[in-house]
Every structure is written in structure tokens, then in C-alpha cells.
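So the sequence lines, in the order shown, correspond to chains A and B. Per the working numbering, the very first residue in the first sequence carries number 1; after that it's consecutive. Per the working numbering, the very first residue in the second sequence carries number 1; after that it's consecutive.
Mixed in with the good hints there might be a few duds.
The list treats identical chains as one, so a pair stands whether inside a single copy or across any two.
What the hints assert, rightly or not - Straight-line distance between alpha carbons at most 25 Å, and here's what the computed SDA-like set of lysine to any residue pairs gives: (1) 226 <-> 110; (2) 15 <-> 58; (3) 124 <-> 25; (4) 63 <-> 184; (5) 226 <-> 196; (6) 89 <-> 26; (7) 28 <-> 87; (8) 170 <-> 26; (9) 88 <-> 103; (10) 197 <-> 24; (11) 226 <-> 59; (12) 63 <-> 112; (13) 226 <-> 127; (14) 112 <-> 6.
None of these hints come from the bench; they were simulated from the model. Predicted model only: the values in this text are computed from it and were never measured.
2 protein chains.
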Amino acid sequence: MKTELEQVLPAEIEKRSFEIITEELGEKKLLPGTELIVKRCIHTSADFDYADNLVFSDGVVEKAVQAIRSGASIVTDTQMAKAGINKKKLAEYGGQVYCFMSDEDVAEAAGKNGTTRAAASMDKAAEMYRASAHDPSEEGMRKDSPGLIFAIGNAPTALVRLYELIQEGKLQPELIIAVPVGFVNVVQSKEMILELKDTPSIVARGRKGGSNIAACICNALLYMMK
Amino acid sequence: MKTELEQVLPAEIEKRSFEIITEELGEKKLLPGTELIVKRCIHTSADFDYADNLVFSDGVVEKAVQAIRSGASIVTDTQMAKAGINKKKLAEYGGQVYCFMSDEDVAEAAGKNGTTRAAASMDKAAEMYRASAHDPSEEGMRKDSPGLIFAIGNAPTALVRLYELIQEGKLQPELIIAVPVGFVNVVQSKEMILELKDTPSIVARGRKGGSNIAACICNALLYMMK
């Protein structure tokens, strides 16, 4: 074997990785309280662009942690992100992870409306939200109903539909993790989420992101909880 | 809405994305026959580094396609990659996707041997290979047994163990997709795979890669098949 391996115990690999990331970030200023999220995105991609492109709305980390603690569930737009999110940890607080992308009713609705399955799956999430948040005997939302966190790693069309649902008053997410990746309307859809002043958000500005980034931001939040 | 969206039909989004990638690659020379793999990696990450860091062993695309056609299965080191691989398409040729990372016997073996679960899961794959490839009445491998493709998107320790198993003659993969991401032994483990002259490989040289890249290379190969 010509190659020299660094001797690191299995349990120490992640710690050592974060040390290297911290070293290489050097003097780079990160928004206080968001460091673990930024570093985990770099850890999951080996891409230091995430030190520059992540945008956090005011107090979003505290709000997100509070939402998870209150039992918020996560809706995502890919089975990959669902697979990557630490579902056991989330379940400790009562939440679960939903992905409606493979559901038959979603495929049907998308076909009928000439939209994407990702957009249709946001409509399905909004229906679930209405059903869980409304007490049929009263007007408006029940204040004690656990909310929804959206972790969008693939489809800008999901973000566009979320924006519309929020503008129409049909949905008020606890948090939008807006990190789709790609080339068609990805940049624009993220800017739309940044316009929503009353919706906490974590956005990877620009083209980059992905299911791995969506899952890793969820996990970073979960691992920050004591 | 201040943001201007590009009008693209749902069914056209991927095609338009690949057009943009092709435009931006410009005069960049890609190895003939590998273009769709490189472009899909860029599509899944918005990271043009994949135009430079992917290394293909001689004739690997033809060999990989042939292996899939013969019914090869895929072993991966993350549930995320397993979730992302087009299992329906693979099943058309008889293969399936395995990930042993959450298996109890793997966790036990890793604990006992002081190794990672990723390394222990490669041992489990090698056992499966031996059991399926050997005819107990004969010496050596059965030539008609469908082989294994390894898609490693996370753990360099999986690659190191694969290297050892191959050197010990316990495993001969049809293909290794060596694209773990990270900072500890990632670069080195990929160089080890590049040393294996008789093992077809697709390697993302350097730190970059990930479960998304592992899945996307598998899918690129599947989508190239007619």
C-alpha cells in the first residue's frame, strides 16, 4: 500500500473532520449561533462555499429548535433527504418526517394540474397542516398544534408553491430550509423565500444545495438540542 | 412577487438543466463516453469541480453497463444513496440495492473489531459475494454469477476495507464508485482504489463526493442503458 492513512479512531473521525474545517475556515466570520450548521454543511459536501452562501433569518436557530421541541414534523421533497434525517432523534420530541413524492394522489394531482410532483406534494402538506391545525369547531389555528418544517433539497417548484400557499394564508411553516440545487429557477425560488419576512428560513443562496444539505441542516439542528 | 421565473414545463426542467450545464462547460474536454456521468454529477451538485475531479478507469462505462445488464447488484454505504438509486430501473436487469449500515450484526462486528460500521458492512458484502459466487462443488467463482457494484459515498473506511478484501482475493467487484466526501483519509482512500489495476472504478479525486454523487453515478449508468 503506497498510501499513508491518518490514524483516527472510528469514534473520532467526525470530531477530527470538524477540527480540520474549523482550521481551514481560519478567520472567516460566521453568524454567531449558526457555526455548527455551516460547518456540518461543509462536512457533508467538502464545499467551503457554504461558509458564504447560507442565509439565516433573524433568530431562526432558536425558533427552529423551539419548533422541534414542540413536536414539529419535517416535510421534505426527496426520499434521499428523508433517508438522511435522523428520524429517531426527531421522534424523541414527537415529530416525524414526511415525503409525499412517491404518493399516487400526488402524481395524479401533478398530472391534472400540469405542475410538478414536488409542487403537488406541498399542496398535500398544506392539507395535512389544515387538518391538524384547525379545530373544526373554531375559527383559525389551534395555538398548541405542532407545526411543520419544510426541508427542500431538490425542487425549486416546491419552494414556489410554498411561497404561494403562505401568501394565500393556507400555510405558516415554522421553518423553511430552502436548499434546492440546480439550474432552472433555483436561484429565483430561493430569493422568493427570502422575501417572506414572517417565515423563518435557512437558505443556500445561489445554485448549490441538495438533499444531502437539506438533511444535514435538519440534523445539525437536532444535534444542537440538549 | 418581485422574482422573475423562467417558464419551463415540468417535463422539460431536466433537459433545460443539462443544456445550461453543456453551455457553461463550453470548450471543456470530457472523456468520450463519460459526458452523461460528469454532467449528471454537476446537475446533482451545481458544482463544476466534477468536470475535473472524476477519474474513469479504462473502459469502465462499458464494463459497468455490461455488469448491470448481467444482473449485478449495488452495495452502498448509506441509506441516502440507497434511497436515491433508481431501484426500479436496476430491477429490470435483475439487480437490487443493498445497504448493511443499519444491520445489527454489522454494528456488533464493528464494535468487536474496533472498526467502523462501514468497514464491517464491506465484510458482510464480501460474505454475500462468496456465498453467491462460489459453487461449493467446485474451486473458484462461478463465471455466470452476477457480480457486485460498490457505490461508496460516505465512508473512506469502506474503501480501505474494499482495497484489503480485493488484495486478499476475497472479492472482485464489477465496479467501485469511490466518491466518499470529507476530510479524514478521504483523499487517500480514493488513491488506494486507483491503485487497483484490475478493478473498474469511477473515482472523485480529492475531498468531494457524497451519497448524492454515489446515487447519481449509478443512475447515470442506468439511464445510459437502452
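So which of the earlier hints does this model not fit? 1, 2, 3, 4, 5, 6, 7, 8, 10, 12 and 13
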